Amino acid sequence: MESPVEILRIVDLAKSFYLHNPGLKIESCNNINLSLLEGEFIGIVGRSGAGKSTILKCINRSYLPMQGSIFYESEAFGRINLTDASEREILYLRRHEIGYVSQFLNVMPRTTAKEHVMNALVDRGTEEQSAELQAQEMLQYFCLPEKLWNIYPATFSGGERLRLNLAHAMVKEPRLLMLDEPTASLDNKTKLLVRDILQKLKGKRTSMIGIFHDIEFMEGVCDKVFNISEGALVT
Amino acid sequence: MFLNETPVLSVRDLVVRFGEGCPACLNHQGSMEKNRCAHCGTVWAANKVSLDVYPGEVLGVVGESGSGKTTLMRSLYFDFPPTSGKALLRDYKDGQKNIWKASSAKQRMIRNNIMGMVYQNPVMGLRMNYSAASNIAEKIIAAGSRNAGQMTYRAKELLTAVEISTSRMGEAPRNFSGGMQQRVQISKALANNPALLLLDEVTTGLDLSVQARVLDLIRKIKALYGISILLVSHDLAVIRMLADRTIVMLDGSIIESGLTDQILEDPQHAYTQQLVHSLL
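Chains as they are written, first to last, in the numbering used here: chain A, 10 to 244; chain B, 5 to 284.
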């Protein structure tokens, strides 16, 4: 059998922030090394402020890494170092290959839940009709009740927002999905639902890397666990 | 493919100077009070500004008042000639000729056919005493069309797109609210299907519901027509919502540029950090 492709490799990643006022350097994470295979799911744990989100944001290039490399096996560009890829390349990858899901919802004003999911496709040139069908399918897949589809998501609960975020990210069928504390502030029942959904995504061979406070909850879903405080992978 | 596309607009080393300059500031040696020469009083409104806008992209421009945002927009729209610099448009001579060196007739053609501009103050972009439809028709006539039926059809189509009732197309914009005037300006700017839309603080001074409507409209324009947009705003929320990439201006120069979320979440320059930390 063919060995799975290494979709992401982080080498010696370090990120610090320099605040000009008051002239302070804040170290966020250091010497991060990890490797993610195609279809694999890595969970990241660590205390608050240890730099868990920083790793994901460096992959997404919302943060500029100070040192190290992040190699991503792209369908369009082949192996590409995300730390020095051009802005246009990153925008392309975000539209087509890399998804990022947080617990926060960032929706254009006057956009309904369904339109929000559709926009992910329309923005990359999909016809509106076909985008609508795919969006509906995705909302159904993530168990968002149909009565909420044509409502502005400002009033959604945490769990509903998360499912909408997942639908928005997954409708693009990303090869790599990043999850920034998707289960934070959710009740147990909703957490179970999220776990089921992530299990389903794993079934689709989506490569995932996620931050979890309550990693024990994800037992059986994550293939590997990366403990950032110890700077190493533990299984 | 996406990445091989030629920029719709490339600006290189734009300098706009108000004043003659003195040997000290011309040689970049004199002391400056922000972007004003302390010795001769010359204001360097834009200083070596370079940028690219790609097809279907929204490029945000942020910065404080007086940082040169509007100067950049207005020189691009030929409201005043720049002191020096080069601007290339993909749709004008295949991006081979500097538009600032073009003849007045060619510059009028570019204004009418290739670019559309929406000013912060609608008085600058609209004829307040002419009807909304005439404002749109004026732009279409300027591009060479003389067919009244087509003009009326297009005016109706555009006003509907910006959610202004066609029953009001005969009214002069002076009777409209600020938000409506702004939307008429947008429809006028879109009249000849421009490749590039210049939007200068389009949502400033509008109430939240109207602002939401205008933002929604801009997003739709981008998605439906694939128009590239240069969006000037000092409202970071607007930039976050709409811009793919963002440049930050201070005292006439670009001090930082990057992906919009990177500029907002991991700003590098002291001024950008101050700007982002001032966000409500």
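To be clear, the hints were calculated from the coordinates, so they are not data collected in a lab. Being a predicted model, the structure only gives us computed values, none of them experimental. Using N, Cα and C, we set each Cβ at its ideal position, and we do this for glycine too. Some hints here could point you the wrong way.
Stated by the list, open to error - Output of the computed footprint for chain B on chain A, the stretches with three or more beta carbons under 8 Å from beta carbons of chain B:
1) 70–77
2) 147–158
To be verified - Residues from chain A that face chain B, not an exhaustive set, calculated with beta carbons under 7 Å:
3) GLU96
4) VAL131
5) THR135
6) LEU142
To be verified - Below, simulated DSSO-like cross-link-like pairs (lysine-lysine); rule was C-alpha separation at most 30 Å, straight line:
7) A:LYS233 with A:LYS198
8) A:LYS34 with B:LYS38
9) B:LYS101 with A:LYS156
10) A:LYS211 with A:LYS200
11) A:LYS156 with A:LYS233
Inset, instruction - Starting from the hint list further up, note which numbers the structure goes against and sort them upward. - result: Structure breaks hints 2, 5, 6, 9, 11.
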